[in-house]
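S.K.: Single-letter residue listing:
Protein chains: 2
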Amino acid sequence: MKATVVVRLKTEVLDPQGDAVSRALGKLGFTGVKGVRVGKIVEIELEHEADKTALAEKLRTMADELLANPVIEDYEVIV
Amino acid sequence: MKATVVVRLKTEVLDPQGDAVSRALGKLGFTGVKGVRVGKIVEIELEHEADKTALAEKLRTMADELLANPVIEDYEVIV
Numbered sequence: 011m012k013a014t015v016v017v018r019l020k021t022e023v024l025d026p027q028g029d030a031v032s033r034a035l036g037k038l039g040f041t042g043v044k045g046v047r048v049g050k051i052v053e054i055e056l057e058h059e060a061d062k063t064a065l066a067e068k069l070r071t072m073a074d075e076l077l078a079n080p081v082i083e084d085y086e087v088i089v
Numbered sequence: 011m012k013a014t015v016v017v018r019l020k021t022e023v024l025d026p027q028g029d030a031v032s033r034a035l036g037k038l039g040f041t042g043v044k045g046v047r048v049g050k051i052v053e054i055e056l057e058h059e060a061d062k063t064a065l066a067e068k069l070r071t072m073a074d075e076l077l078a079n080p081v082i083e084d085y086e087v088i089v
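Protein chains in written order, with my numbering: chain A, 11 to 89; chain B, 11 to 89.
So that you can see chain A by itself, here it is in the shape it has in the complex (with noise of 0.2 angstroms):
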């Protein structure tokens, strides 16, 4: 089974790349473009079914101690 795990820079800290972006969309030509944030998303391909409550709470655990930075980072779990 396969879950996922997103990782985002928390909104208050800034993210160069998504204002890189953001900037070369409008240099691009394209317009009413308010904002860009980069994140990056995990998908992990687990070998055994398993309850989802479990697997989120693992998953969590995963991004604590190794997916997020949680100084600068937040991040979801999807199973």
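Hints were generated in silico from the structure; no laboratory data involved. Any given hint could be a false lead.
Once the Cα atoms are required to be at most 20 angstroms apart in a straight line, the calculated SDA-like pairs of lysine to any residue come out as [claimed, not checked]:
| hint | chain 1 | residue 1 | chain 2 | residue 2 |
| --- | --- | --- | --- | --- |
| 1 | A | Lys50 | B | Gly28 |
| 2 | B | Lys50 | B | Ala73 |
| 3 | B | Lys50 | A | Glu57 |
| 4 | B | Lys50 | A | His58 |
| 5 | A | Lys12 | A | Ala73 |
| 6 | B | Lys50 | A | Ala13 |
| 7 | A | Lys37 | B | Ala73 |
| 8 | A | Lys20 | A | His58 |
| 9 | A | Lys50 | B | Glu86 |
| 10 | B | Lys50 | A | Glu83 |
| 11 | B | Lys12 | A | Arg33 |
| 12 | A | Lys50 | B | Tyr85 |
| 13 | B | Lys44 | A | Ala13 |
| 14 | B | Lys20 | A | Glu53 |
| 15 | A | Lys20 | B | Ala73 |
| 16 | B | Lys44 | B | Ser32 |
| 17 | A | Lys37 | B | Leu56 |
| 18 | B | Lys62 | A | Phe40 |
| 19 | A | Lys50 | B | Lys62 |
| 20 | A | Lys20 | B | Ala13 |
| 21 | A | Lys37 | B | Glu55 |
From chain B, some residues computed to sit far from chain A (all C-beta separations above 10 angstroms) [to be verified]:
| hint | residue |
| --- | --- |
| 22 | Val16 |
| 23 | Gly45 |
| 24 | Val81 |
| 25 | Asp84 |
By construction, the Cβ of each residue, glycine as well, lies at the ideal position given by its N, Cα and C atoms.
Go by the hints and put chain B onto chain A.
M.R.: Coordinates of chain B only, in the frame set by chain A:
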């Protein structure tokens, strides 16, 4: 309004970052991880409410021109 473009490496393209995450999870004691793929999630805040079909088309153009590398990446537009 907000729209999202998810950019993933094509399945036939090796993902060294995902492999590194997969190995690190194993070293941290997480069992049952078959594979990990890491992609980008680009969240775009737009000034005006727009017709969803037109917006999706605009985002596909953005992805083709800037957000994704069509040689090695696929993208998914979510409006």
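S.K.: Hint by hint, say whether it matches the structure.
M.R.: Each hint tested on the structure:
1. A:Lys50 - B:Gly28: holds, 11 angstroms
2. B:Lys50 - B:Ala73: At roughly 12 angstroms apart (the allowed maximum being 20 angstroms), B:Ala73 and B:Lys50 satisfy the hint.
3. B:Lys50 - A:Glu57: Answer violated: B:Lys50 to A:Glu57 is near 24 angstroms, above 20 angstroms.
4. B:Lys50 - A:His58: Since the Cα atoms of B:Lys50 and A:His58 sit roughly 26 angstroms apart, the hinted pair is violated (cutoff 20 angstroms).
5. A:Lys12 - A:Ala73: Holds. A:Lys12 to A:Ala73 sits at ~15 angstroms (cutoff 20 angstroms).
6. B:Lys50 - A:Ala13: At roughly 16 angstroms apart (the allowed maximum being 20 angstroms), A:Ala13 and B:Lys50 satisfy the hint.
7. A:Lys37 - B:Ala73: Holds: A:Lys37 and B:Ala73 sit about 15 angstroms apart, inside 20 angstroms.
8. A:Lys20 - A:His58: violated, 32 angstroms
9. A:Lys50 - B:Glu86: holds, 14 angstroms
10. B:Lys50 - A:Glu83: Since the Cα atoms of B:Lys50 and A:Glu83 sit roughly 14 angstroms apart, the hinted pair holds (cutoff 20 angstroms).
11. B:Lys12 - A:Arg33: Within the cut-off at roughly 17 angstroms; holds.
12. A:Lys50 - B:Tyr85: Roughly 13 angstroms separates the two Cα atoms, so the pair holds.
13. B:Lys44 - A:Ala13: holds, 11 angstroms
14. B:Lys20 - A:Glu53: This hinted pair holds, its Cα atoms lying about 13 angstroms apart.
15. A:Lys20 - B:Ala73: violated, 24 angstroms
16. B:Lys44 - B:Ser32: holds, 8 angstroms
17. A:Lys37 - B:Leu56: holds, 16 angstroms
18. B:Lys62 - A:Phe40: Holds - the C-alpha atoms of A:Phe40 and B:Lys62 are around 16 angstroms apart, at most 20 angstroms.
19. A:Lys50 - B:Lys62: Cα-Cα ~24 angstroms, so violated.
20. A:Lys20 - B:Ala13: holds, 18 angstroms
21. A:Lys37 - B:Glu55: The hint holds at about 17 angstroms.
22. Val16: Its Cβ does come within 10 angstroms of chain A, the nearest being 6 angstroms, so this is violated.
23. Gly45: Its Cβ does come within 10 angstroms of chain A, the nearest being 4 angstroms, so this is violated.
24. Val81: holds, 19 angstroms
25. Asp84: holds, 13 angstroms
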